[in-house]
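Trainee: What follows is the residue order along each chain.
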Amino acid sequence: MIKHFLSLSSFATNDIQSLIDRAHFFSLHSKQPDKINHLLKNKIFANLFYEPSTRTRCSFEIAAKRLGAEVVNFVPENSSVKKGETLYDTLKTFESLGVDGIVLRHADDRVFDGLHARFNLPLLNAGAGKFEHPSQGLLDLLTLKQEFGGLNGLKIAVCGDIKHSRVAGSLMVAAEKFGMEIYLCGPESLLPTTTQAFIKKAHFDDILPSVDAVMMLRIQLERHESLELDGEAYHKQFGLSEKRVNTMKKEAIILHPGPFNRGVEIADEVVEHKQSRIFKQMSNGVFSRMAVLEWAVSGEHK
Amino acid sequence: MIKHFLSLSSFATNDIQSLIDRAHFFSLHSKQPDKINHLLKNKIFANLFYEPSTRTRCSFEIAAKRLGAEVVNFVPENSSVKKGETLYDTLKTFESLGVDGIVLRHADDRVFDGLHARFNLPLLNAGAGKFEHPSQGLLDLLTLKQEFGGLNGLKIAVCGDIKHSRVAGSLMVAAEKFGMEIYLCGPESLLPTTTQAFIKKAHFDDILPSVDAVMMLRIQLERHESLELDGEAYHKQFGLSEKRVNTMKKEAIILHPGPFNRGVEIADEVVEHKQSRIFKQMSNGVFSRMAVLEWAVSGEHK
Amino acid sequence: MIKHFLSLSSFATNDIQSLIDRAHFFSLHSKQPDKINHLLKNKIFANLFYEPSTRTRCSFEIAAKRLGAEVVNFVPENSSVKKGETLYDTLKTFESLGVDGIVLRHADDRVFDGLHARFNLPLLNAGAGKFEHPSQGLLDLLTLKQEFGGLNGLKIAVCGDIKHSRVAGSLMVAAEKFGMEIYLCGPESLLPTTTQAFIKKAHFDDILPSVDAVMMLRIQLERHESLELDGEAYHKQFGLSEKRVNTMKKEAIILHPGPFNRGVEIADEVVEHKQSRIFKQMSNGVFSRMAVLEWAVSGEHK
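Read top to bottom, the protein sequences are chains G, P and F. Sequential numbering from 0 applies to the first sequence in numbering that gives the first Met the number 0. Sequential numbering from 0 applies to the second sequence in numbering that gives the first Met the number 0. Sequential numbering from 0 applies to the third sequence in numbering that gives the first Met the number 0.
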């Protein structure tokens with residue numbers, strides 16, 4: 000069976016748990032490359048990014064290379080996409096070229112719908128529109144688990160442009176599976192309208208003192224048709240300032256998927272605050288993607 | 000002697016035969032990477048693509064990596080080409096950097112004329128203007144040979160923008176060497192004016208029932224100075240519809256070098272028709288380029 | 000201690016000498032890849048080029064790969080830089096992703112000031128604004144040493160846009176350490192205003208007969224706000240023509256960091272003149288960067 004990695008929602012909780020455990024294993028062996036650099040030998044992954052990306056693209060590339068695999072980067076701007084080729088045909092091309100998996104980022108929320116069933120190699124979601132970003136979900140879970148030992152019952156505030164955030168989307172999927180409580184904060188117009196029982200809206204300043212973690216999100220100006228952002232006003236109302244951090248529990252942690260706009264959703268001095276795990280998240284992103292790549296190619300081809 | 004791979008016309012027929020055989024060998028070993036992943040160890044190829052490409056660029060890159068070589072991708076947009084560097088000097092630079100071969104695509108039909116004699120490393124033609132695309136020629140021959148066991152006497156229709164197609168150019172060179180008959184179809188203005196004895200013009204619907212293969216070509220709008228294409232009208236007159244496929248012999252096959260414009264030169268449902276070998280051609284492209292890369296570096300440096 | 004490679008000025012003379020010797024060693028082993036292809040095994044370098052580059056980017060990439068390392072190329076245009084990420088945060092991201100060193104080119108003269116102290120991995124300067132390009136300085140020294148056996152007392156003319164040239168900057172730093180005399184030639188407006196004792200201004204035609212090497216520099220039009228260059232007039236006054244080469248000593252050599260504009264600062268026929276070492280410099284660039292990369296990762300992480 001081909002193993003696609005499209006959404007955390009399609010995984011059983013203990014399968015996600017296995018991926019987190021494997022990612023944690025890789026984090027422990029990051030200084031012993033000889034123990035892991037053969038695991039994906041002879042594999043070649045294609046990195047297809049239809050939207051700009053630093054962290055995720057390079058993270059998947061480094062993850063693959065740490066395990067001994069090769070990566071082919073596809074840049075739509077320099078490709079046959081310019082000659083009118085459809086996404087399906089581009090993917091089919093890479094399947095025909097014999098790559099062992101395709102890592103795809105795309106602006107379309109529904110890009111994978113019905114698509115994966117037509118392919119005989121693993122497709123890996125590296126961010127689809129506003130909906131899901133499952134490898135980001137994994138790295139968030141790994142970071143929380145390393146911090147707190149477990150996930151059940153954790154209270155997490157998410158603040159910012161939640162409606163346009165696939166990061167928040169994947170976190171909410173994971174929260175349900177692992178019994179976490181999510182509190183949504185931010186401008187009313189940027190919060191989703193329908194929510195489930197374990198997801199509550201809250202006032203940012205009211206909820207901060209009681210959460211175990213706060214995840215700050217960037218206002219994704221590139222996903223808004225017309226929005227002018229007054230960064231200073233936004234920071235005053237919803238930015239994570241040092242003053243706000245001081246209201247949090249001492250063992251609570253600060254998360255952000257990056258990239259961040261310093262001085263807008265997060266104060267300059269908070270990015271590397273002792274309670275911040277923002278750069279640890281990035282490191283965990285490589286370990287999580289190593290687990291995902293290894294898992295994906297362990298399936299049998301049809 | 001340095002072995003350049005510039006045009007099929009400079010090869011003896013049995014040398015092309017050897018390359019096809021070697022490519023076929025690689026196709027048989029595609030699931031046993033350990034048998035071939037050392038063949039080009041310690042080699043580094045430079046991929047210089049002055050025109051957009053998905054298939055060919057990635058195909059050469061994957062071919063190199065499957066044989067254990069490394070690839071350096073050169074993107075003219077981010078390079079010293081912006082500072083006015085000539086092509087000759089860019090190539091000379093890569094020679095000086097010590098790469099083991101240069102894979103070059105360029106819009107200029109005559110880009111290799113007189114150039115190769117000035118270099119002390121293999122130059123490989125990955126598509127030159129409207130003239131030749133010899134690795135595409137090889138993969139077409141491999142696909143035909145795998146299908147029919149031999150090449151002599153095969154009848155092939157080529158339909159579309161033949162005048163602007165380096166794919167057709169390389170096929171016609173190969174056809175002469177291997178005793179194939181070529182029938183050119185498509186809008187009169189897109190057919191070449193002078194032809195040889197084994198190349199005949201034909202009406203598309205008249206010739207389809209008697210050919211062994213039909214190769215459909217995209218209208219290369221980027222090579223026409225001013226051409227507006229009425230896709231629907233074109234499809235009616237020259238597109239490969241399912242109805243037209245039904246007039247073909249049951250053992251005849253459908254080829255297309257890609258990228259294709261579904262609904263223009265080829266109907267949506269024909270792309271993955273059981274007589275289509277379009278995606279097999281792409282797979283064969285990797286195997287053919289493996290043979291070409293291995294051959295090229297087997298020469299002695301001056 | 001983390002070993003950053005930022006400027007030749009921070010190195011002791013005998014440490015530069017060691018790097019040159021090591022680079023020379025690599026030049027001797029360029030045909031025996033098996034002796035060196037394991038030296039940087041399991042290392043991954045990030046190539047971050049915020050300005051166009053062919054030679055330097057590919058040179059670092061090839062250097063890394065020849066030693067068995069992997070390279071991740073970062074193209075600002077396709078990245079989170081588009082989402083407003085700062086350089087510091089991009090670098091911090093790559094540190095978090097676990098790369099073993101960052102090779103950075105940037106338009107800002109002072110990009111490394113105060114930056115390196117904040118990072119726990121080697122930063123390597125691949126050209127910073129108009130100030131320094133230390134790996135270019137190394138390859139120039141290697142080329143001179145291979146030619147003349149030693150560096151002390153060599154007389155070198157530098158001609159062209161010295162004010163905007165980081166290449167000239169690094170050469171002048173090196174000249175002081177190794178006791179070379181530098182003569183600056185070119186349009187008065189493109190020469191630096193303050194100089195040191197071992198750096199003198201000179202008339203190009205007067206000084207050429209007595210130098211051991213002449214380094215020609217391109218007019219960096221991209222660094223001038225408004226300059227129209229009359230190439231022909233410039234060539235007449237400051238271009239290295241064959242006639243001017245004939246006034247030089249027979250054992251004197253011609254250098255140019257590339258890219259060059261043939262017919263402007265250097266005559267077409269001089270580029271590959273028997274006294275030219277221009278393409279040898281490029282080869283030496285790979286060997287020099289191999290030495291630099293190996294040196295950089297030999298430090299201890301904090």
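It should be emphasised that the hints constitute simulated quantities derived from the structure, not laboratory data. Honestly, I wouldn't trust all of these hints.
A pair holds if it fits inside one copy or across any two, identical chains being indistinguishable in the list.
What the hints assert, rightly or not - DSSO-like, lysine-lysine: derived pairs with alpha carbons at most 30 Å apart:
1. LYS200 to LYS40
2. LYS273 to LYS2
3. LYS199 to LYS279
4. LYS273 to LYS144
5. LYS2 to LYS30
6. LYS2 to LYS200
7. LYS42 to LYS235
8. LYS199 to LYS30
9. LYS40 to LYS154
10. LYS34 to LYS154
11. LYS42 to LYS200
12. LYS154 to LYS30
Trainee: Each hint: holds or not?
Mentor: Here is what the structure says about each hint:
Neither within a single protomer nor between protomers do LYS200 and LYS40 lie at most 30 Å apart by alpha-carbon distance, with minima of 47 Å and 50 Å respectively. Only between protomers do LYS273 and LYS2 lie at most 30 Å apart by alpha-carbon distance; the minimum there is 26 Å, versus 39 Å within a single protomer. In this homomeric assembly, LYS199 and LYS279 come within 30 Å of each other (Cα to Cα) only inside a single copy, at 27 Å, whereas the closest approach across copies is 52 Å. In this assembly of identical chains, LYS273 and LYS144 lie within 30 Å of each other by CA distance solely inside one copy; the values are 18 Å within and 50 Å between copies.
Taking the shortest Cα distances, LYS2 and LYS30 sit within 30 Å of each other both inside one copy (29 Å) and across copies (18 Å). Taking CA atoms no more than 30 Å apart as the test, LYS2 paired with LYS200 passes in neither setting, with 35 Å inside one copy and 49 Å between copies. Proximity of LYS42 to LYS235 under the C-alpha cut-off of 30 Å is found in neither arrangement, the shortest distances being 49 Å within a copy and 43 Å between copies. For the homomeric pair LYS199 and LYS30, neither the shortest alpha-carbon distance inside one copy (41 Å) nor that between copies (51 Å) is at most 30 Å.
In this homomeric assembly, LYS40 and LYS154 never come within 30 Å of each other (Cα to Cα): the closest approach is 40 Å inside a single copy and 43 Å across copies. Taking identical chains as interchangeable, the C-alpha atoms of LYS34 and LYS154 are never at most 30 Å apart, the minima being 37 Å within one chain and 53 Å between chains. Taking the closest pair of Cα atoms, LYS42 and LYS200 never come within 30 Å of each other, the shortest separation being 45 Å inside a single copy and 46 Å across copies. In this assembly of identical chains, LYS154 and LYS30 lie within 30 Å of each other by CA distance neither inside one copy nor across copies; the values are 33 Å within and 48 Å between.
Checked against the numbered hints given earlier, the structure breaks hints 1, 6, 7, 8, 9, 10, 11 and 12 and satisfies all the rest.
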